[in-house]
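Residue numbers (the working numbering), protein chains in the order written: chain A, 226 to 638; chain B, 226 to 638; chain C, 120 to 267; chain D, 120 to 267.
Derived from the structure by calculation, the hints contain no laboratory data.
As the structure is a computational prediction, the values presented were derived from the model and not from experiment.
The beta-carbon is built from N, C-alpha and C at its ideal position, and this holds for glycine as well.
There could be a bad hint or two in this list.
Said to hold, decoys possible - Derived pair list, reagent style DSBU-like, types lysine-lysine, alpha-carbon separation capped at 35 Å:
| id | chain 1 | residue 1 | chain 2 | residue 2 |
| --- | --- | --- | --- | --- |
| 1 | A | 310 | A | 374 |
| 2 | B | 471 | D | 152 |
| 3 | B | 310 | D | 201 |
Unchecked claim - FRET-style restraints, in silico, Cβ to Cβ:
| id | chain 1 | residue 1 | chain 2 | residue 2 | range |
| --- | --- | --- | --- | --- | --- |
| 4 | A | 242 | D | 122 | 55 to 63 Å |
| 5 | B | 248 | A | 426 | 57 to 65 Å |
| 6 | A | 549 | D | 130 | 29 to 37 Å |
| 7 | D | 233 | A | 250 | 33 to 41 Å |
| 8 | A | 440 | D | 226 | 33 to 41 Å |
| 9 | A | 473 | C | 207 | 50 to 58 Å |
Unchecked claim - Listed next, the stretches of chain A that the computed footprint assigns to chain D, with coverage defined by at least 3 CB atoms under 8 Å from CB atoms of chain D:
| id | segment |
| --- | --- |
| 10 | 285-295 |
| 11 | 577-585 |
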Amino acid sequence: MNAPANIKAFDAKAARADFEILSRTVYGKPLVYLDSGASAQKPRVVLDTMRDFAQTDYANVHRGVHYLSAAATDRYEAARETVAKFLNAPSVDNIVFTKGGTEAINLVSYSWLAPLIQPGDEIVLTVMEHHSNIVPWHFLRERAGAVLKWVDVRDDGSLDIEALDAAITPKTKLVAITHMSNVLGTITPLADIVARAHAKGVPVLVDGCQGAVHEIVDVQALDVDFYAVTGHKLYGPTGIGVLYAKKAHLKAMRPFNGGGEMIREVSKDRVTYADPPARFEAGTPPIIESVGLAAALDYLSGFDRAAVTAHEHDLLAYAREQVRQFNWLRVIGDAPGKGAILSFEADGMHAHDLATILDREGVAVRAGHHCAQVLMERFDVASTSRASFALYNNRADVDALVEGLAKARSILI
Amino acid sequence: MNAPANIKAFDAKAARADFEILSRTVYGKPLVYLDSGASAQKPRVVLDTMRDFAQTDYANVHRGVHYLSAAATDRYEAARETVAKFLNAPSVDNIVFTKGGTEAINLVSYSWLAPLIQPGDEIVLTVMEHHSNIVPWHFLRERAGAVLKWVDVRDDGSLDIEALDAAITPKTKLVAITHMSNVLGTITPLADIVARAHAKGVPVLVDGCQGAVHEIVDVQALDVDFYAVTGHKLYGPTGIGVLYAKKAHLKAMRPFNGGGEMIREVSKDRVTYADPPARFEAGTPPIIESVGLAAALDYLSGFDRAAVTAHEHDLLAYAREQVRQFNWLRVIGDAPGKGAILSFEADGMHAHDLATILDREGVAVRAGHHCAQVLMERFDVASTSRASFALYNNRADVDALVEGLAKARSILI
Amino acid sequence: MTDHALRELYQEVILDHSRHPRHYGVLEGANHKAEGYNPLCGDKVTVYLQLDAEGRVADIKFEGKGCAISQASASMMVDMLKGRSQAEAEKLMTGFLHLVKGEDASDLPEDDRERLDVMGGISEFPMRVKCATLAWHTYKNAVEEGAQ
Amino acid sequence: MTDHALRELYQEVILDHSRHPRHYGVLEGANHKAEGYNPLCGDKVTVYLQLDAEGRVADIKFEGKGCAISQASASMMVDMLKGRSQAEAEKLMTGFLHLVKGEDASDLPEDDRERLDVMGGISEFPMRVKCATLAWHTYKNAVEEGAQ
Ligand SMILES: Cc1ncc(COP(=O)(O)O)c(C=O)c1O
Ligand SMILES: Cc1ncc(COP(=O)(O)O)c(C=O)c1O
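Whenever a hint applies, use it, and build me the whole structure from the sequences.
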């Protein structure tokens with residue numbers, strides 16, 4: 226859809242070789258990296274591009290007349306264009322660079338919603354949100370009297386869309402929902418959610434930090450109002466994220482950080498602000514990171530995305546099937562069509578102990594609450610173990626996980 | 226003072242060779258980069274370190290039990306230690322990583338001052354501040370009725386400290402002042418300023434975005450309350466900055482961005498926050514950038530800093546002397562002891578046209594208001610041209626500048 | 120070669136316009152007006168227009184300060200727009216925008232092309248194109264949204 | 120070797136303590152109390168203390184949930200602290216902290232060292248040291264700031 230003209234067929238084995246770190250060992254065992262949900266590894270082309278840029282065309286962006294400044298500005302703005310295409314945004318002016326997904330959501334909270342909120346106004350969110358899509362709204366509760374309305378998920382982790390619909394009232398100012406749960410893997414039916422919310426005149430903010438990695442995103446087709454993305458999970462660098470927003474919202478938003486680049490004129494007793502997106506990009510932006518993010522998106526978009534998704538789903542299905550043999554293991558999150566994340570609990574084995582044992586086998590999984598304590602409460606667990614799959618994983622990784630689980634059992638029980 | 230045990234003598238020629246980009250040409254002419262005040266170039270070791278880290282030890286930080294997560298966390302926290310040493314902070318807990326210098330100042334504004342401010346409360350700042358140390362305070366004027374009190378500079382660009390003292394009243398909540406002006410090069414007498422402000426019970430925030438590059442900073446000796454630093458001017462990567470703050474202030478500050486890592490516990494109707502500095506580092510931080518920043522600080526601290534400063538001062542003095550031959554050129558900022566920045570205006574030549582002509586000679590200077598419009602107004606100019614010097618510049622760079630100026634004159638007049 | 124491009128950019132006609140801008144100042148009786156701002160250099164320009172009943176540019180003046188390119192471009196613009204119909208002005212502007220971007224401007228009338236030709240050198244300086252187009256965009260704003 | 124370290128970490132004594140923690144539950148009549156929290160794993164522990172007039176640990180219990188390491192460490196701690204004077208407890212804690220970090224713990228009384236020895240395997244797992252020390256830090260908090 227938005228992909229470059231020459232899409233490569235996806236060759237998982239070849240792709241894996243693009244990631245230098247995956248050939249390393251830990252404790253003498255080959256690294257089996259199943260923590261891409263926390264952060265993805267970076268292909269060589271991303272690191273090369275950042276370094277080449279820094280060594281040939283680097284300077285601060287905007288307002289410089291000299292060659293390097295123009296070259297760097299071109300690269301920075303070209304990155305904005307790449308992001309706009311990746312999300313199918315109508316224009317580059319819909320794209321604000323932030324320092325990460327978390328800041329993208331906070332930007333909406335501080336600049337769009339905070340000035341609107343009245344005590345008693347409601348924000349609808351789900352119990353499977355990441356803390357990054359919870360705490361900014363808690364701030365509005367604490368500071369401005371907003372009311373948080375929580376929508377439950379079903380026991381299989383799927384969204385109860387009727388419950389969501391019912392939660393939207395005339396007092397609702399925003400629906401804030403994840404595209405893909407970082408614990409359950411659940412993919413939410415965004416088009417349907419947006420249609421229902423819009424029918425009641427309520428805008429929708431989507432936390433796309435996981436979703437944009439695993440799904441093809443078309444913000445226009447989905448008609449979402451806000452879509453937040455983080456770079457480092459998308460095979461890109463740390464220190465950068467993106468907020469997509471509709472132009473009318475961006476125009477209505479007041480500035481967030483104040484500083485250089487976001488102003489029009491500053492005097493002793495007056496300040497006027499630049500138009501969006503510059504208004505929200507105070508100070509020197511993540512210039513080198515923008516170039517790295519563009520390289521990462523080009524890398525990802527260079528593949529047949531459907532084939533990447535199919536590959537990840539195959540790994541998930543294979544893993545799901547394998548762990549059925551363990552009657553002491555309970556998978557949390559089995560929603561239809563879910564993305565490639567497998568969370569589970571094991572009888573008598575704390576996630577932490579499990580992760581330590583897996584780690585010594587070279588297998589990196591995540592153990593804990595995954596910044597989703599409300600969801601932990603919903604499933605009545607203190608923590609879970611989580612294996613998350615990326616385009617570079619393979620069935621051998623799953624096998625290593627499964628063997629590690631059996632071994633952990635033998636040690637701990 | 227805080228420097229590593231083995232300090233190298235500073236060899237400017239050898240140092241220059243550490244910066245790959247400086248051997249490139251533009252328009253067939255050798256690059257003469259005199260825009261380090263906007264952003265410094267990065268030595269090879271910074272780029273190498275970032276890349277090596279990403280290819281060997283990268284994962285998300287904190288809360289992971291696996292090897293890479295621990296390795297990355299160690300590097301991230303070691304970077305905090307490096308920064309603490311660089312500023313001579315009493316502890317790593319005084320160091321908050323931000324996305325840049327601008328965000329560091331905004332953090333103080335949003336989290337420390339905003340909750341305290343009452344209509345009519347005053348913030349004292351100088352006319353030579355960068356917009357990043359102006360606009361956050363304008364926000365408090367617009368949103369909370371704060372009053373901005375402006376301290377003038379003398380015609381030579383030096384601070385009028387008596388005027389500053391006089392501007393501090395019982396209504397003053399903060400003195401916000403630059404360590405080094407990015408236009409005038411003026412270095413402010415911080416210890417004296419802090420003593421006077423503290424004598425009246427007023428905390429001092431220092432914008433150290435330029436100062437930390439050219440001066441040795443000892444936040445304890447200076448007794449400043451807040452000190453803001455940006456990475457990319459310090460030979461480090463973009464996307465990272467630092468706020469140093471005294472512990473009592475950090476403890477009193479409410480959260481800024483909400484999200485992962487900055488919480489203690491989150492439930493549906495309640496949220497508690499982590500202790501500083503984590504409280505102010507919501508979401509995935511600039512991990513790779515922190516490692517790059519540490520490499521940059523190690524690089525800089527590896528030299529005899531006094532020799533670096535002497536080298537930069539020599540370049541400034543040489544340039545200052547050279548341009549005296551141009552009776553059509555007016556230098557703005559001649560304060561005693563100023564840092565290595567030369568701003569000027571040229572009769573009948575707009576800074577922009579000048580910069581274009583210099584650019585074609587390979588000479589990169591900055592033209593414009595330098596995010597300091599209040600200062601432009603003070604000196605009654607619309608814009609200036611600015612040459613700023615870094616450790617890698619040499620006298621040949623100055624010669625190229627001077628020749629370029631003569632040429633511009635011949636073309637434009 | 121570099122020198123050639125620079126001399127072409129800052130040729131005498133341009134410098135002359137920038138030093139002695141034509142029709143500079145406030146236009147009394149203007150019925151359209153707009154301000155333009157170039158954040159890149161802090162340049163500002165105000166265009167005052169008097170459009171007659173058919174929309175013809177009965178009179179036009181500008182005010183502002185900025186670099187040689189933006190001043191010269193504004194001065195030449197007012198010089199050339201005076202007396203034009205909206206259709207002619209539109210065509211002139213389109214042609215000008217093509218010219219400074221180094222694109223084909225051959226649909227400009229011969230006469231206009233010859234006069235504007237001195238601005239063609241800007242196409243070699245992409246960072247300065249905005250300086251050259253500031254006055255024109257401000258003119259357009261004055262026509263479309265600047266009724267007083 | 121890896122296996123050896125793991126088996127050492129999760130040896131039977133530890134697993135037994137974690138499965139059947141000693142002195143688990145609320146201590147009625149406690150005059151000191153503190154809660155500890157390990158953000159790394161979400162583990163929590165509450166330590167209840169009854170200090171007598173001289174500060175001796177007359178009684179002690181704990182409650183909480185967490186990983187095998189933190190549970191076992193808490194269980195062993197209460198087991199060993201009961202009846203100790205503050206000076207003895209202090210010494211025990213210091214020795215324990217040394218032990219789990221792989222540092223010299225030879226100033227611990229022979230007896231104590233032998234009992235604590237099973238926790239020594241943790242020094243091979245730096246990311247888990249916090250799990251092992253949680254209960255001890257909480258105990259210290261209870262003594263110093265937890266008077267009820
Ligand atoms: C669903 C979800 N939302 C938001 C975030 C926050 O992203 P970041 O930490 O990069 O700001 C994450 C990742 O941690 C996530 O998984
Ligand atoms: C004096 C001063 N303060 C603040 C800043 C802002 O730094 P940054 O743009 O990296 O946030 C700069 C640089 O632009 C500066 O020179």
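Structure-based check of each hint:
1. 310(A) <-> 374(A): holds (34 Å)
2. 471(B) <-> 152(D): Holds. Residue 471(B) to residue 152(D) sits at ~31 Å (cutoff 35 Å).
3. 310(B) <-> 201(D): Violated: residue 310(B) and residue 201(D) sit about 43 Å apart, past 35 Å.
4. 242(A) <-> 122(D): 55 to 63 Å: violated (30 Å)
5. 248(B) <-> 426(A): 57 to 65 Å: Once the Cβ atoms are compared, 60 Å apart, the range 57 to 65 Å for residue 426(A) and residue 248(B) holds.
6. 549(A) <-> 130(D): 29 to 37 Å: Once the Cβ atoms are compared, 31 Å apart, the range 29 to 37 Å for residue 130(D) and residue 549(A) holds.
7. 233(D) <-> 250(A): 33 to 41 Å: Check passed, 36 Å falls within 33 to 41 Å.
8. 440(A) <-> 226(D): 33 to 41 Å: violated (59 Å)
9. 473(A) <-> 207(C): 50 to 58 Å: violated (36 Å)
10. 285-295: violated (count 0)
11. 577-585: holds (count 5)
Violated hints, in rising order: 3, 4, 8, 9 and 10; the structure is consistent with all others.
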